[in-house]
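Input sequences plus hints: build the corresponding full structure.
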Amino acid sequence: MFGAMVRVSGLVAVVAVGVAGAPGTAHAGRTDFGWLFGTETMPERSVELQTWTYEENGRPGVRDETSLWWGPVIGITDQLELSLPIEATWRAGSTAEPTATPATFALTDYGVDLRYRLVRADPVTAGPVVPLLRVAVKRDVDTRSAVVTEADLIIGYQRGRLHALLDAGVTGEFASGEHDVFARPGAGVSVQAIGDLRLGAEVFSELQVSGGTYRWVAVGPDLAWTHGRFWLSAAFGIGIYHMETAPRITWGIAF
Amino acid sequence: MGHRLLSGAALAASLVAPTAHGDPAGGRVTGTVTVVEADGTAAPAIDAIVYVVGFPEPADPKAVPAQIAQEGRHFVPDLVAVTAGEDIIFPNNDPFLHNVFSQSSARKFDLGSFKKGDKKTAGFPDPGVIDVYCNIHPEMAATILVLPNRRHARTSPAGAYTLEGVPPGEWTVFAYTRRAVKPVSAKVTVTAKADTKLDLKLVRGAEPEHLNKFGEKYKAGGPTYK
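Order-wise, the sequence lines are chains A and B. Just so we're aligned: the first sequence equals residues 1 to 255 in the numbering used here. Just so we're aligned: the second sequence equals residues 1001 to 1226 in the numbering used here.
Calculated directly from the structure, the hints in this document are not laboratory data. These numbers come from a predicted model, not from an experiment. Using N, Cα and C, we set each Cβ at its ideal position, and we do this for glycine too. Heads up, a few of these hints could be off.
Residues on chain B that point at chain A, a partial pick, calculated with CB under 8 Å [as the list claims (entries may be wrong)]:
| no. | residue |
| --- | --- |
| 1 | Ile-1046 |
| 2 | Arg-1107 |
| 3 | Phe-1109 |
| 4 | Asp-1110 |
| 5 | Ser-1113 |
| 6 | Ala-1122 |
| 7 | Gly-1123 |
| 8 | Ile-1136 |
| 9 | Gly-1215 |
| 10 | Glu-1216 |
Chain B side only, calculated, beta carbon under 10 Å to chain A, not exhaustive [unchecked claim]:
| no. | residue |
| --- | --- |
| 11 | Asp-1087 |
| 12 | Phe-1096 |
| 13 | Gly-1112 |
| 14 | Lys-1116 |
| 15 | Asp-1126 |
Pulled from the structure, derived: some chain A residues nowhere near chain B, Cβ distances all over 12 Å [unchecked claim]:
| no. | residue |
| --- | --- |
| 16 | Val-137 |
| 17 | Ala-151 |
| 18 | Gly-228 |
| 19 | Phe-230 |
| 20 | Phe-255 |
Structure follows, in structure tokens:
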């Protein structure tokens, strides 16, 4: 190790010119945000296990929920990743008569989730603006005839320590003769604080545009942290419209 | 990466002082690089890179990208110099998967795992020293010198080198080989259309240990996925 410690005396000055503001390596399909999808993808043939846990509390007329998304994420190419999630949801019970209901916990969906980064995976050569497309198709376990589809266009902008992101998402739930469509717009900023710790804020919403009037908006702080093969991101959404709190934590571990 | 600390104040000064550009009509710096082991014995013929810093110069847009192949569980060659702005191609010539990654502060990247016949490309826009490894085979290591100008050369098997087109002036010339205990350097005064002779001697050390792309020690024996 001594050799490595001293061998760079002639090179380090050259290095010092180059490293200021250099972005980190693309490190699995992580996101710097809680509710928003990121623009990184897994390196080719890499595999990661991801878990999302999120809550929606205090919506008018809707039982509180805690949902779980769990699945492997596979780097098909450096720009295309595939995940195979299964999702489950706990719903709070109600003691209000005459419609008292017990709490439930059930498998809700499973399916396929594809994310395609439209520029090179290498952050150094990709440029500051990174678009990513996400498409997911899931089977609704409870309503056997229903299919859930999700699509997102995510655009990230990276400059030095700053990462800004827009996530324009839409969800469609299609059953025989019926459909509900939700827009999921969101935006956030994240700043590299210390080492692999990032801090930021984001706004996220779910707005039903067809089939009903279900809508909520939350805004709050977020953080992201990477340590070796592990990363996590979290946000604490404070409801500003038809929502009290919407915390969310996402983590991944690469193999 | 604490060992990447600045310790060459003289070189730091050379990076900000006189700005000139590589000049085909400039002077030449020629000489020989000898490499010895830490115990003083002569090392077998080993590639070394000789370079001069102190002035920037754009990469040659017509330059053929350098290659670092993965062959026989080694990077070949294991020492490459490029000018900032150039790409390096990493072809896998082995009949099993390889990965290419760097956690060097100057340039972090992970090219994923790829099979025989596939190749990946990485760009190197900024000067620096970059250690490259395979996450699957811990015995594989290479070093990339990304230099601020095109005035760099690889030594011949006999250790001879020539730096062409060095602008007239006083510069610091460096030589480096993989596992060198430290680069060696010397000041030279270059005169237009004249040769300046400079011989350099490098001391080679042991291969330093490195960690995998997650910052962990490799498992004993290292995984090998065929």
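Going down the list of hints, with the structure as the test:
1. Ile-1046: violated (14 Å)
2. Arg-1107: holds (7 Å)
3. Phe-1109: Where the cut-off is 8 Å and the nearest Cβ of chain A is about 5 Å from Phe-1109 of chain B, the hint holds.
4. Asp-1110: The hint holds - Asp-1110 of chain B has a Cβ within 8 Å of chain A, the shortest such distance being about 5 Å.
5. Ser-1113: holds (4 Å)
6. Ala-1122: holds (6 Å)
7. Gly-1123: holds (4 Å)
8. Ile-1136: violated (10 Å)
9. Gly-1215: holds (5 Å)
10. Glu-1216: Cβ of Glu-1216 of chain B sits 6 Å from chain A, so the hint holds.
11. Asp-1087: holds (8 Å)
12. Phe-1096: violated (12 Å)
13. Gly-1112: holds (3 Å)
14. Lys-1116: Violated. Min distance 13 Å.
15. Asp-1126: Check passed: Cβ of Asp-1126 of chain B comes within 3 Å of chain A, closer than 10 Å.
16. Val-137: holds (25 Å)
17. Ala-151: Holds, since 26 Å exceeds 12 Å.
18. Gly-228: violated (4 Å)
19. Phe-230: violated (9 Å)
20. Phe-255: violated (10 Å)
Comparing the model with each numbered hint stated earlier shows that hints 1, 8, 12, 14, 18, 19, 20 do not hold.
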